[in-house]
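Student: The residues making up each chain are set out below.
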Amino acid sequence: MSAPRYIYRDLETPGILHLEAYRASGGYRAFEKALRTMTPADVVEVVKASRLVGRGGAGFPTGLKWELVAREPVQPKFLVANAEEGEPGTFKDLPIMTRVPHRLIEGMLIGAWAVGAREGVIVCRGEFMEPQRILRAAIAEAEAAGLLGERILGTDFSFKLWVYRTAGAYICGEETSLLEALEGKPGMPRIRPPFPVSAGLWARPTALNNVETFANVPGIILEGAAAYAALGTEKNSGTKGYCISGHVNRPGVYEIPFGVTLRSLIDDYAAGMLGGRAFKAVFPGGASSSCLTAEHLDLPLDFHHVAQAGSMLGSAAFMVVGEGVCMVEVALRLARFFRHESCGKCIPCRDGTYQIVRILERMKRGEGVTCEIDDIVDLASVMRQAAFCGLGQAAPNPVLSCIKHFRQEFEDHCAGKPCDLLGGGEIPYGHHH
Amino acid sequence: MDITIDGRPLTIDRPMSILEAARLAGVDIPTLCWHPRVSILGACRLCMIEIVGMNRLLAACTTRVADKMEILTDTPALRKVRQTMLELLLCQHPMDCPTCVKGGACELQALAYKWSAPVNRFPENPGAYPPVDVSPFIERDSRKCVLCRRCVRVCHEVRGVTVLGAMHRGHLKEIGTYFAQPLNRDFRDPYNCEFCGACIDICPVGALNSRQHKFRARSWEGALVPTVCPFCSVGCLISLQVKENELVQSRPRGGLNNHDQACFRGRFAVDFVNSPRRVAGPLLRRDGVLVPVDAATGVAALAGQVRPETAVMALVSPRLTQEETADLVDAMAQLFPRGDVRAVCTMGLNAADIPLGIGARPWRDLEEADLIVTAGLDLTQSAPVAGVRIRTGRAAGGGRLAVLDARDTLLGSEADLWLRPAGAHLPAVLAALGGLLVAEHPERLAVRPDAALAAIFAAAPPAAVEAAAGLEPGSLRSLAAQIAAAKTPIFVANRGWFDPSGQVPRLLVEVDRLLAGTDSKGIVFLRTDCNSRGTAELVAAAEPEIDGEPEVLIVVAADPLGTAIPGSSFESWTRSAKFLVVVESTLTPTAEAAHLVLPLRAFAEKDGTFVAGNGVVQHLKAALASRATVPPLRATLTAIAAGLGRDVTFDSTESPRKPRWSPPERPSAALVPRAGTARCLHLRWSPLVDHRVRIVPEADRIFPGPALEVHPGDLAGLGLAEGGQARITSGPAEVTVPVRADWRTPRGQLYLPLDPGDQRLSAFVRAAVRPEGWPLACIELTGLAPAAELR
Amino acid sequence: MTYPLAPPSYTIAPATRERLAKLLAEYPSKPAALLTALYLVQAECNHLSDPVLTEFAAIMEMPKSVIYEVATFYSLYSTRPVGRNIIMVCQNLCCFLRGTDEVIMAIARELGIKPGETTPDGQFTLRPVECLAACERAPAIQINEKLMGPVAPADVPGILAEYRR
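Chains as they are written, first to last, in the working numbering: chain P, 1 to 433; chain W, 434 to 1224; chain D, 1225 to 1389.
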């Protein structure tokens, strides 16, 4: 089992929450190195060489993103940290924000130096009231120490950092929706192009990265790109915070180099299936991904291999389903999630998620018709092609994969067979929003 | 750029979206949320297309063409997408087509006809939104809404009113209003529905309908007749749908002045032509009551009053067509040599300011101006489409906007510079502005002011004017600097204030001349009537000097008792004439006082010409056949002539008619504000409403009657209450009016809008104490409980 | 939802207005502050009612319909009265796998209301929500600002007792 090396390093050190202990463990040395001995272009090169990709789920090369923003001559430029952590099954950013917030701040400082941004925002989801306070306190500490604000460490470099809380919408994890929320509007995604790197917050060049992405940066700067690139797999470098929850004995998030197998993740890190039950399915990338089954237990878990297996690693949010769970219910829970969180802008997502839930609810009640299974499959393919943003495109993934791997359960429900699996009974409530 | 669409090559010479390119090539890509008038949304996903070499579908409206693109617009995958989108929309859509108002004109119907699959896999489940809505004039049925958000975009972007919004999220998303309140005119709220109907026009389905015309006819029935709106001088082009000689609906059509927009009047108030309160035939006063008579009797009654020496005067309003006005002038000249024809316009223009700013200034200029300066009251209320053009013109051209308007209006809140001088002081403000331009920016002037003008400027020192008018010190200086810095400033004015001598437009004309010299194209002057400009070219408006008063007064389409300046000659002649003949389409207050009323055809019943305020000549086309008892004006005049035993010829090239206007008077000495004027009441016109609007059913829900307008924060201090009444006394004059809290009224000021036709208010104004004709009255105010009787 | 308490006539108190003004001064523009400002007003006025938002729109100098669009889009704003304590219970997949349904029903039984409702005395609102990013402690609930998990049905009376007043 591997120890945390980049994002969760020193998480257990007493007092690491505060500046003093963070600095004592080597904190802000990466930033000083970047500020005093490297040009912004140097920093970009190092990040590019490390082959770090975005940890929020999209997997866009971070170095390239920063290079695009750095190139923009317009000022002001912004740096935004996406701390929405809305994907079900994801909880990897919270430990960074609530236990070693200075690592996030340091990563953002390096990023601001690299792209030329003078203002930054950490955008937390609305439910993160406590984490927001912790972040503000950490920022205050950093400001008091001359690490944030004007003339940082006695140089001409200034960077002001804010914390902003959105108000409860999963769609705001999507980068353009997040920018809309920052601008005081409903979080509906924007037309792209233009992309945030050229026209983002208030139509200015904006580098928007996930919290975990920023948390990798100090280590990369300090130890060099090669060390980072040496970890992981051929296609995906470095480490990842793997979240694992559901029917496992020890749910949690573990920083592991890319390439750990599913079996290892469950057995070695999460201490095996809950109560020794058999493994049934897992959603590797949270609610937006297709499920994998027992045949994939030895799959190395990186973006590439998971995609080849027909799913998506995303933010590495493994929701493990053990035997004895009704997959129609599983599909329904996730379908309801998407229906609730759809922003309502485009027809395929707004009405498609609604129809999927309606059909699944009928199946649960035993009123479903077999051809409706194919209706869902068909609708899903259209949603994937036509939806305006990633939410609508990904929304059908869970139900599609459940049908693909567990079609019999769906057909049994349509045939009216009683289901004695977990969740197979009547839904006790149906209240939504 | 060279691209192919469905295999056909196309060369594109400027950046555009794939959708635009397809339209150029005549290829039909289905759309729903796209509309040329509003911003691109990309929400309906009906316009998806394929590009060879890309494995993703793209939306045509949001994707720009790139060189060498090969676009496919009709493949099995795309058909699948379109079918599915329509299935999803239709399964939630009430299948009301046979009885739906929009049937036949519905874009969803058309799309379904062309693109949908024969079977809908998703069963019918029309949404839970209740269709009940109690707004006047505009009906909203959310069940039929496809959430294209065109209405929201037109309301926000084009009209600026921002009443409709897309509320909630996801499948609960609904086009609605704040807290789902009905569309209403709430004068305590700056953003409330103007009932312009733009949302109705842009809605592709039957979710937004005109309540007024609902169920009168199907969309394909009857004829569509293009004509011109008969209300204000913007001159919006409208299209009347007529079925079985009844006006079904009026909708705006594309025009030079209005683009494709209209306001409440052009869209809904034109319904007055259908009113049973139209004058249907001649009425003669017998025993104090107007009774219907036949034409011969009426004409005989008039003839009986006329001797060769009788002084006969005709008063005409600028609501007649050019042809009718010319006929009247011809007839008067031939029949009554001792007579005269004068124009009396709505809002009491009695001096010769009709020809002001007589250069034709196209509205298009607003888009090229780098600075637009508006001065007047409530520009967006007196001529709403002008307000839209100013806003959208500025948005398109990027110029700056400076607004001089005491009231809180949309235009003011969007302006780059907004000064709010109390109404009475606006002329002084403009004079001070002129003085600042002369003193501080002499290099900018094309000509120097003459002595008279210089004296007027000198009499209005900026500091004193700012203090009296309640402006921030230095604000006039900034405005002057902005004007001087602009290369192409355009001035826009209207007559919202009770400004008898027309100082505001006069002063603006002078300022414009100073800046542009002989290149001056004039100001944009928003006159109040649809043919003000045209009438000005035929008839003078100055009060003439005649000895004695006219004994016989023929008032044609004018309403001196309702709209002339109280106390003016026009008003007093109307009261004193021995025999008052009114030729009108509806029973105005003047008609109610007449001895003989002759019917007049309404705008929808005649061909003719209006000249819009900026000189554009536009043509009316008769859409309705009027009753046999309502002849054209020419026939009425011929009948009058016959009754007098005479002949009259029209259109004779030998007619002695000459243009009767003289160059506009220069501004008189600007009114120097006085300190210490006791509580003042600012009088203003409420120009949106005239008697034609008042007879439209439910119009009073949109335009409640006149009331004392007070800022909500001032009510308590004045001892007034919303919904209560106030007794206003000024010298011997007294009137009791309701009190209305109006957000737009500046703090510390009181406004009284003069509704044309409200005799009590006219009487009050006539008798009120007004220092030297200022547009305000010194008054005492007493709050009364709501129990007091109204009117 | 039945809410027997008389509709509160909240308007924005002067102290709230002061705090709002201070908040707005920290942001580059009023729209930038909108979401945060709505939180402030909601916290002090219980919920975003018609009179409150009317005043708020005037302070923000934004049209009411735009403010209402934002207020109804986001789940954490409420335009209807809510209890003093808002209990959010995750109903998403991982919490379901670890027994959140029983926890929700336990809370509902304990409070005598249905999920989604507010208790008649205005103490608690029970709100089933989506993932709270606490899947490792499923089933998770968040009461006001405090995140708790894993919660068992037997823990419910004790947890609620701390919030009863």
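Don't take every hint at face value.
Unchecked claim - Cut-off 20 angstroms, straight-line C-alpha distance, at most; resulting in silico cross-link-like pairs (EDC-like, lysine to aspartate or glutamate):
| id | chain 1 | residue 1 | chain 2 | residue 2 |
| --- | --- | --- | --- | --- |
| 1 | P | 185 | D | 1250 |
| 2 | P | 185 | W | 590 |
| 3 | D | 1254 | W | 849 |
| 4 | D | 1254 | W | 679 |
| 5 | P | 33 | P | 143 |
| 6 | W | 513 | P | 130 |
| 7 | D | 1246 | P | 183 |
| 8 | W | 920 | W | 756 |
| 9 | W | 513 | P | 119 |
| 10 | P | 160 | D | 1250 |
| 11 | P | 185 | W | 607 |
| 12 | P | 404 | P | 374 |
| 13 | D | 1254 | P | 119 |
| 14 | D | 1338 | D | 1326 |
| 15 | D | 1370 | P | 130 |
| 16 | P | 185 | D | 1326 |
| 17 | W | 1011 | W | 984 |
| 18 | W | 920 | W | 800 |
| 19 | D | 1254 | P | 183 |
| 20 | P | 33 | P | 45 |
| 21 | W | 513 | P | 375 |
| 22 | W | 1054 | W | 798 |
| 23 | P | 404 | P | 375 |
| 24 | W | 647 | W | 679 |
To be verified - Have a look at the derived ranges for each label pair, beta carbon to beta carbon:
| id | chain 1 | residue 1 | chain 2 | residue 2 | range |
| --- | --- | --- | --- | --- | --- |
| 25 | P | 156 | D | 1340 | 49 to 59 angstroms |
| 26 | P | 275 | D | 1340 | 26 to 36 angstroms |
| 27 | D | 1267 | W | 920 | 49 to 59 angstroms |
Rather than coming from a laboratory, the hints here were simulated on the basis of the structure. Only a predicted model underlies this, so the values are computations on that prediction, with no experimental measurement involved. No residue lacks a Cβ here, since even glycine has one placed at the ideal position from N, Cα and C.
Student: Now look at each hint and say whether the structure bears it out.
Tutor: Verification of the hints:
| no. | hint | verdict |
| --- | --- | --- |
| 1 | P:185 with D:1250 | holds (18 angstroms) |
| 2 | P:185 with W:590 | holds (16 angstroms) |
| 3 | D:1254 with W:849 | holds (17 angstroms) |
| 4 | D:1254 with W:679 | violated (51 angstroms) |
| 5 | P:33 with P:143 | holds (19 angstroms) |
| 6 | W:513 with P:130 | violated (48 angstroms) |
| 7 | D:1246 with P:183 | holds (19 angstroms) |
| 8 | W:920 with W:756 | violated (40 angstroms) |
| 9 | W:513 with P:119 | violated (46 angstroms) |
| 10 | P:160 with D:1250 | holds (13 angstroms) |
| 11 | P:185 with W:607 | holds (16 angstroms) |
| 12 | P:404 with P:374 | holds (11 angstroms) |
| 13 | D:1254 with P:119 | holds (18 angstroms) |
| 14 | D:1338 with D:1326 | holds (13 angstroms) |
| 15 | D:1370 with P:130 | holds (8 angstroms) |
| 16 | P:185 with D:1326 | violated (37 angstroms) |
| 17 | W:1011 with W:984 | holds (5 angstroms) |
| 18 | W:920 with W:800 | holds (13 angstroms) |
| 19 | D:1254 with P:183 | holds (9 angstroms) |
| 20 | P:33 with P:45 | holds (15 angstroms) |
| 21 | W:513 with P:375 | holds (13 angstroms) |
| 22 | W:1054 with W:798 | violated (28 angstroms) |
| 23 | P:404 with P:375 | holds (13 angstroms) |
| 24 | W:647 with W:679 | holds (13 angstroms) |
| 25 | P:156 with D:1340: 49 to 59 angstroms | holds (55 angstroms) |
| 26 | P:275 with D:1340: 26 to 36 angstroms | holds (32 angstroms) |
| 27 | D:1267 with W:920: 49 to 59 angstroms | holds (51 angstroms) |
In terms of the numbered hints stated before, the structure departs from hints 4, 6, 8, 9, 16, 22, listed from lowest to highest.
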